[in-house]
Amino acid sequence: MHCLGKRLILPELLDTLPPDQARASLLDLVRINRYWGGHSTLRNLLRENVPDGQAFSVLDVGAASGDMGACIRQWYPAAKVTSLDYLESHLKASSGSRVAGDAFRLPLRPKSFDYVFCSLFLHHFQDEQVVDLLRNFGEVARKAVLVIDLERNPIPYYFIAWSRPILGWDPVTVHDGAISVEAAFHRTELENLARQAGLRNPRARVFRPAFRIALAASAL
Numbered sequence: 000m001h002c003l004g005k006r007l008i009l010p011e012l013l014d015t016l017p018p019d020q021a022r023a024s025l026l027d028l029v030r031i032n033r034y035w036g037g038h039s040t041l042r043n044l045l046r047e048n049v050p051d052g053q054a055f056s057v058l059d060v061g062a063a064s065g066d067m068g069a070c071i072r073q074w075y076p077a078a079k080v081t082s083l084d085y086l087e088s089h090l091k092a093s094s095g096s097r098v099a100g101d102a103f104r105l106p107l108r109p110k111s112f113d114y115v116f117c118s119l120f121l122h123h124f125q126d127e128q129v130v131d132l133l134r135n136f137g138e139v140a141r142k143a144v145l146v147i148d149l150e151r152n153p154i155p156y157y158f159i160a161w162s163r164p165i166l167g168w169d170p171v172t173v174h175d176g177a178i179s180v181e182a183a184f185h186r187t188e189l190e191n192l193a194r195q196a197g198l199r200n201p202r203a204r205v206f207r208p209a210f211r212i213a214l215a216a217s218a219l
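In numbering that gives the first Met the number 0, the protein residues as written are 0 to 219.
To be clear, the hints were calculated from the coordinates, so they are not data collected in a lab. Check each hint, because a few of them may be wrong.
[Claimed, not checked] In silico DMTMM-like links for lysine to aspartate or glutamate, alpha-carbon gap of 25 Å or less:
hint, residue 1, residue 2
1, Lys-142, Asp-169
2, Lys-142, Asp-126
3, Lys-79, Asp-113
4, Lys-142, Asp-14
5, Lys-142, Asp-51
6, Lys-5, Glu-138
7, Lys-79, Glu-150
8, Lys-5, Asp-126
9, Lys-142, Glu-190
10, Lys-110, Glu-181
11, Lys-142, Glu-47
12, Lys-79, Asp-51
13, Lys-142, Glu-188
14, Lys-5, Asp-19
15, Lys-5, Glu-150
16, Lys-110, Glu-47
17, Lys-5, Asp-131
18, Lys-142, Glu-11
19, Lys-142, Asp-131
20, Lys-79, Asp-126
21, Lys-142, Glu-127
22, Lys-110, Asp-51
23, Lys-5, Glu-127
24, Lys-110, Glu-138
25, Lys-142, Asp-113
26, Lys-110, Glu-87
27, Lys-142, Asp-101
28, Lys-110, Glu-127
[Unchecked claim] Quick list of simulated restraints, FRET-style, between CB atoms:
hint, residue 1, residue 2, range
29, Arg-163, Gln-53, 39 to 49 Å
30, Val-205, Pro-17, 28 to 38 Å
31, Arg-202, Pro-18, 30 to 40 Å
32, Pro-76, Val-173, 30 to 40 Å
33, Asp-19, Arg-207, 14 to 24 Å
34, Lys-79, Pro-164, 35 to 45 Å
35, Arg-186, Ala-99, 25 to 35 Å
36, Arg-207, Ala-160, 16 to 26 Å
37, Arg-204, Trp-74, 33 to 43 Å
38, Arg-199, Gln-128, 39 to 49 Å
39, Ser-111, Asp-51, 35 to 45 Å
Glycine included, every Cβ here is placed at the ideal spot set by N, Cα and C.
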């Protein structure tokens, strides 16, 4: 482990595996979101930024299995959620509208969704790329950009490996989990990247013990 003082981005195995080998790790990610804070962080983020009782549209970027989008549809039945992922094979398990596309070149018109959302996606990229992505999201969103990602902290770094004998994580999950935490953010880092992207009034909160950062920023 490096000191976690600065972000360290390394390749993750899940991004290169064929669908049959990626399936177990994708299911682990669903478990992690459900039981270790992903869904609860999302619920708090939506409560703070989305008015109750209103129909709205969401683009879920890097949606993978689509479990976060499924939560949005469950909690907000009038919401229209579209899942986007670079790998079409990842979208097979997702329901609703699906788009295979590149987040750096979104195949969408400006201001075509009320909200653009991503979860555990930005940490895969260098800071300059994160700025480009957030700028793209801000152009497609009418109202706000919403982000959930990991907090760079030793506790989640060790958690997956230590808990594997009990919880039975797939080896890919153990490998990629540590790399993801090394590439994760501190709250102020994510806010600063959003400002560099031109997003207005970025506000980030840390949720523990989930060790997630939730960011909301007004669209461009």
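Right, here's what the structure says about each hint:
1. Lys-142 to Asp-169: violated, 38 Å
2. Lys-142 to Asp-126: Roughly 24 Å between the alpha carbons, so the hint for Lys-142 and Asp-126 holds.
3. Lys-79 to Asp-113: holds, 10 Å
4. Lys-142 to Asp-14: violated, 30 Å
5. Lys-142 to Asp-51: It holds: about 15 Å lies between the C-alpha atoms, which stays within 25 Å.
6. Lys-5 to Glu-138: violated, 29 Å
7. Lys-79 to Glu-150: Status violated; Cα separation ~29 Å.
8. Lys-5 to Asp-126: Given that 25 Å is the threshold and the Cα spacing comes to 11 Å, the pair holds.
9. Lys-142 to Glu-190: holds, 17 Å
10. Lys-110 to Glu-181: violated, 33 Å
11. Lys-142 to Glu-47: holds, 13 Å
12. Lys-79 to Asp-51: Holds: Lys-79 and Asp-51 sit about 14 Å apart, inside 25 Å.
13. Lys-142 to Glu-188: holds, 22 Å
14. Lys-5 to Asp-19: violated, 34 Å
15. Lys-5 to Glu-150: holds, 12 Å
16. Lys-110 to Glu-47: holds, 21 Å
17. Lys-5 to Asp-131: holds, 20 Å
18. Lys-142 to Glu-11: At roughly 32 Å apart (the allowed maximum being 25 Å), Glu-11 and Lys-142 break the hint.
19. Lys-142 to Asp-131: At roughly 18 Å apart (the allowed maximum being 25 Å), Asp-131 and Lys-142 satisfy the hint.
20. Lys-79 to Asp-126: Measuring from Cα to Cα gives roughly 30 Å; hence the hint is violated.
21. Lys-142 to Glu-127: holds, 23 Å
22. Lys-110 to Asp-51: holds, 21 Å
23. Lys-5 to Glu-127: Since the Cα atoms of Lys-5 and Glu-127 sit roughly 15 Å apart, the hinted pair holds (cutoff 25 Å).
24. Lys-110 to Glu-138: holds, 6 Å
25. Lys-142 to Asp-113: Judged against 25 Å, a Cα distance of about 5 Å means the pair holds.
26. Lys-110 to Glu-87: holds, 24 Å
27. Lys-142 to Asp-101: holds, 22 Å
28. Lys-110 to Glu-127: holds, 23 Å
29. Arg-163 to Gln-53: 39 to 49 Å: holds, 42 Å
30. Val-205 to Pro-17: 28 to 38 Å: holds, 36 Å
31. Arg-202 to Pro-18: 30 to 40 Å: Holds: the Cβ-Cβ distance is about 37 Å, inside 30 to 40 Å.
32. Pro-76 to Val-173: 30 to 40 Å: At 37 Å between Cβs, range holds.
33. Asp-19 to Arg-207: 14 to 24 Å: violated, 36 Å
34. Lys-79 to Pro-164: 35 to 45 Å: The hinted range 35 to 45 Å holds for Lys-79 and Pro-164, with Cβ atoms some 42 Å apart.
35. Arg-186 to Ala-99: 25 to 35 Å: holds, 32 Å
36. Arg-207 to Ala-160: 16 to 26 Å: Since Arg-207 and Ala-160 have Cβ atoms about 20 Å apart, the given range 16 to 26 Å holds.
37. Arg-204 to Trp-74: 33 to 43 Å: violated, 19 Å
38. Arg-199 to Gln-128: 39 to 49 Å: violated, 21 Å
39. Ser-111 to Asp-51: 35 to 45 Å: violated, 23 Å
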